[in-house]
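Work the whole structure out from these sequences, hints included.
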Amino acid sequence: MNRVLWIVFEIIINIFQGFAFCFYSYKYLSNKGDKGFIKSSGVLFSFLLASVITFFNYVTFFEHLWALLYSGVIFLYAFFKLRGSIVNKILSSIIPILIMIISSAFISNFYSVLFGMTLEEILSQNSFPRFIAILSTQIMIVYLLMISLKLFKKNENNSLNLKEGMLIFSVLLISIIISTFLNLISLQIHSIDERYFIVLSFLGIVIINILVFYIVVDLSKMNTAIRENEVLKLKQEYSQQYITSANSQYEVIKKLRHDFKNNMAVVNELIQQKNNEKALEYTKEYLDELSETEPLIKTNNDIVNAIINSKLSAAKTYGINVICMCVTDFSDINDVDLCSLLSNILDNAITACKNCQIDSKRIFINIISDEYKYVFCVKNSIPESVLQHNPDLITTKSDKDNHGMGVKIIRSIAAKYDGKVDYYEEDKEFCCSVILKRKL
Amino acid sequence: MIKIAICDDNVVFLNAFNQIVDNCMRKYTSDFDISTASNGNLLLTKHKKYEFDIIFLDIDMPNLSGFDVARILRDDFSRCFIIFITNHSELVYESLDFQPFNFIRKNCGIPIEESVDKIICKLMRHMKQNKKIVLEDEISGRSAVYIKDILYIESDKHYVLYHVLKKELPIKMRGNISDLLEKYSTYFFVRIHKRYLVNLRFLSNIDNKNYEITIGEINKRLPMSRNYKHEVDEKYTMFLRAMI
Chain A
0 MNRVLWIVFE IIINIFQGFA FCFYSYKYLS NKGDKGFIKS SGVLFSFLLA SVITFFNYVT
60 FFEHLWALLY SGVIFLYAFF KLRGSIVNKI LSSIIPILIM IISSAFISNF YSVLFGMTLE
120 EILSQNSFPR FIAILSTQIM IVYLLMISLK LFKKNENNSL NLKEGMLIFS VLLISIIIST
180 FLNLISLQIH SIDERYFIVL SFLGIVIINI LVFYIVVDLS KMNTAIRENE VLKLKQEYSQ
240 QYITSANSQY EVIKKLRHDF KNNMAVVNEL IQQKNNEKAL EYTKEYLDEL SETEPLIKTN
300 NDIVNAIINS KLSAAKTYGI NVICMCVTDF SDINDVDLCS LLSNILDNAI TACKNCQIDS
360 KRIFINIISD EYKYVFCVKN SIPESVLQHN PDLITTKSDK DNHGMGVKII RSIAAKYDGK
420 VDYYEEDKEF CCSVILKRKL
Chain B
0 MIKIAICDDN VVFLNAFNQI VDNCMRKYTS DFDISTASNG NLLLTKHKKY EFDIIFLDID
60 MPNLSGFDVA RILRDDFSRC FIIFITNHSE LVYESLDFQP FNFIRKNCGI PIEESVDKII
120 CKLMRHMKQN KKIVLEDEIS GRSAVYIKDI LYIESDKHYV LYHVLKKELP IKMRGNISDL
180 LEKYSTYFFV RIHKRYLVNL RFLSNIDNKN YEITIGEINK RLPMSRNYKH EVDEKYTMFL
240 RAMI
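In the order they appear, the protein sequences are chains A and B.
FYI, in numbering that gives the first Met the number 0 the residues of the first sequence are 0 to 439.
FYI, in numbering that gives the first Met the number 0 the residues of the second sequence are 0 to 243.
In short, the hints are calculated from the structure, not lab data.
All values derive from a computational prediction rather than experimental measurement.
Where a beta carbon is used, it is the ideal one built from N, C-alpha and C, also for glycine.
Some hints here could point you the wrong way.
A few chain B residues that don't get close to chain A, going by computed Cβ distances all over 10 angstroms [unchecked claim]: (1) Ile-58; (2) Asp-59; (3) Glu-89; (4) Lys-130; (5) Leu-134; (6) Glu-137; (7) Leu-168.
Ranges between beta-carbon positions, derived for each pair [what the hints assert, rightly or not]: (8) B/His-229 x A/Leu-67: 37 to 43 angstroms; (9) B/Ser-203 x A/Asn-228: 33 to 39 angstroms; (10) A/Arg-410 x B/Glu-113: 30 to 36 angstroms; (11) A/Glu-370 x B/Ala-15: 34 to 40 angstroms; (12) B/Arg-240 x A/His-388: 19 to 25 angstroms; (13) B/His-229 x A/Leu-286: 49 to 55 angstroms.
Below, in silico cross-link-like pairs of lysine-lysine (DSS-like), each with a Cα-Cα straight-line distance of 25 angstroms or less [as the list claims (entries may be wrong)]: (14) B/Lys-105 x A/Lys-254; (15) B/Lys-182 x B/Lys-171; (16) B/Lys-166 x B/Lys-219; (17) B/Lys-117 x A/Lys-427; (18) B/Lys-105 x A/Lys-283; (19) A/Lys-297 x B/Lys-105; (20) B/Lys-117 x B/Lys-2; (21) A/Lys-260 x A/Lys-297; (22) B/Lys-26 x A/Lys-427; (23) A/Lys-438 x B/Lys-228; (24) B/Lys-2 x B/Lys-105; (25) B/Lys-131 x B/Lys-47.
Shown next, in the form of structure tokens:
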């Protein structure tokens with residue numbers, strides 16, 4: 000009778016664990032609007048995991064490395080039924096098992112110290128301490144799973160990048176290995192003092208993992224905040240410039256209106272005097288003056304407006320003639336990337352153009368898009384071939400630490416959007432063309 | 000024959016510009032014809048009749064602006080090249096409406112001749128495909144097809160299938176794709192697979208992960224072999240260089 004109750008109890012615990020781990024993986028990876036747990040075959044995989052656990056509980060009385068197989072089952076569930084990156088899927092299948100190993104080892108050691116029993120006794124005898132130990136292990140597992148979900152739950156704003164993920168992942172992996180060894184050692188020792196050390200070591204491993212996680216998440220949050228701040232600052236700076244240039248435009252137009260009457264009077268006078276040549280000369284001068292009003296582009300994207308317009312005025316002060324052809328919409332490209340891409344391409348073009356000794360300095364900006372991609376093409380006039388002498392486009396400035404990043408940044412953004420960068424020369428023009436693919 | 004149209008409401012400019020374009024074109028070919036129109040409606044009527052290849056279009060025109068004309072042209076699925084003429088040094092446009100080839104500035108420091116020369120030099124590369132070839136099979140009979148309208152060529156045992164724009168059925172002819180490759184590689188075609196030869200003009204996307212390419216015009220995906228991937232990349236880059 001007692002034995003049957005024990006078997007039922009153990010099976011219930013295993014089913015519980017199966018559900019807890021699969022549900023954890025589901026929670027970890029799912030986003031709003033995804034399929035529910037039951038619909039994504041969560042129940043099926045939970046029972047599968049539960050039976051795997053039950054089977055291995057009969058084969059061996061402490062799980063050790065068999066736990067990797069449990070991870071495998073959860074990973075299968077995550078891989079076939081849930082969405083998310085591979086790194087996250089691996090993490091979501093390893094974390095619960097790690098938590099299980101650490102908690103069961105920690106609790107059983109703890110109780111063996113508490114009840115003055117050996118580990119074997121706690122783990123194999125159907126006694127009250129074992130019952131308590133199993134129950135409290137489950138409570139600890141649930142508690143740790145909840146904490147880790149809170150910590151790890153991937154959300155759009157502060158998702159970790161691959162490097163950060165790998166950092167946490169490797170600490171986790173090392174922890175698994177250490178805790179497995181500690182388990183093996185703890186099975187062979189009998190003195191209570193040594194057991195205390197083991198319990199403390201487990202506690203230490205748990206704390207180290209939580210701390211590492213906090214540190215990485217915190218740093219990553221700080222980094223995003225800094226990046227966002229930079230963009231905001233830039234946006235503000237540019238909108239300030241925009242206002243100033245709008246004001247100066249207004250002034251120019253006011254002045255033109257005022258001058259218009261006088262100018263017409265002069266032309267009228269000249270024609271009446273039949274002084275046609277003078278009149279033509281005068282109107283030509285006036286036309287040139289008119290066309291010199293600052294160019295302003297206006298797309299649907301404030302960042303693009305701000306950057307191109309400010310670079311246009313900068314180019315103008317260096318006496319560079321800029322022609323710009325541009326689409327209005329820039330959806331699918333992140334503002335930060337757009338900002339650094341455009342400012343780097345344009346800065347490179349302006350720097351190359353402003354110092355060269357040629358009669359007409361020109362920059363041609365052409366941004367086109369279709370359903371599949373964006374092409375940013377910027378051409379600037381050059382006196383002689385650049386690629387012939389410097390094919391890798393290494394900076395010519397003396398301060399190499401702060402310069403020469405532009406080309407790298409442009410390449411990395413292109414790589415991010417599965418695109419391409421092409422530098423080439425044609426007809427005394429240096430061309431930089433960047434393709435960014437739209438998310439299909 | 001390359002059919003060119005110029006549309007501007009300023010008749011003095013229109014004539015002067017006509018002369019400039021004429022001079023530039025003569026450097027490349029004598030097989031061309033230039034029509035002029037002083038307003039948008041006139042241009043559209045003429046376009047229906049002649050189907051221009053290249054249109055120089057003034058933006059600031061009364062009633063129907065250059066943008067409006069471009070939009071109407073686009074709605075009719077006309078694939079002519081539009082070059083805007085404007086007083087400004089910047090041109091911002093809705094890419095869904097139309098895709099201008101380039102634009103020319105009036106009244107700026109750069110002489111118009113120089114801009115026109117540059118643009119025509121580029122256009123001539125596009126015009127290379129403006130050549131008719133005769134295709135023939137049992138279903139559609141003999142038909143003259145512009146190379147620029149061939150989407151892709153597919154090999155099928157001893158036959159090749161020409162998939163042509165706006166034609167539901169491909170034209171099936173006897174032939175060998177390797178022989179065709181030689182002929183068409185001068186016309187911006189690239190081999191993506193042992194069975195396919197694609198017109199780079201219609202190649203909208205190269206999917207490096209799934210080894211596929213997309214022909215946007217008919218929303219068709221074709222497989223790309225790993226062996227040809229590098230060559231496709233290179234040819235596509237060279238094509239963009241020549242065209243943008």
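Quiz item: Hint by hint, which ones does the structure fall short of?
Solution: 3, 21
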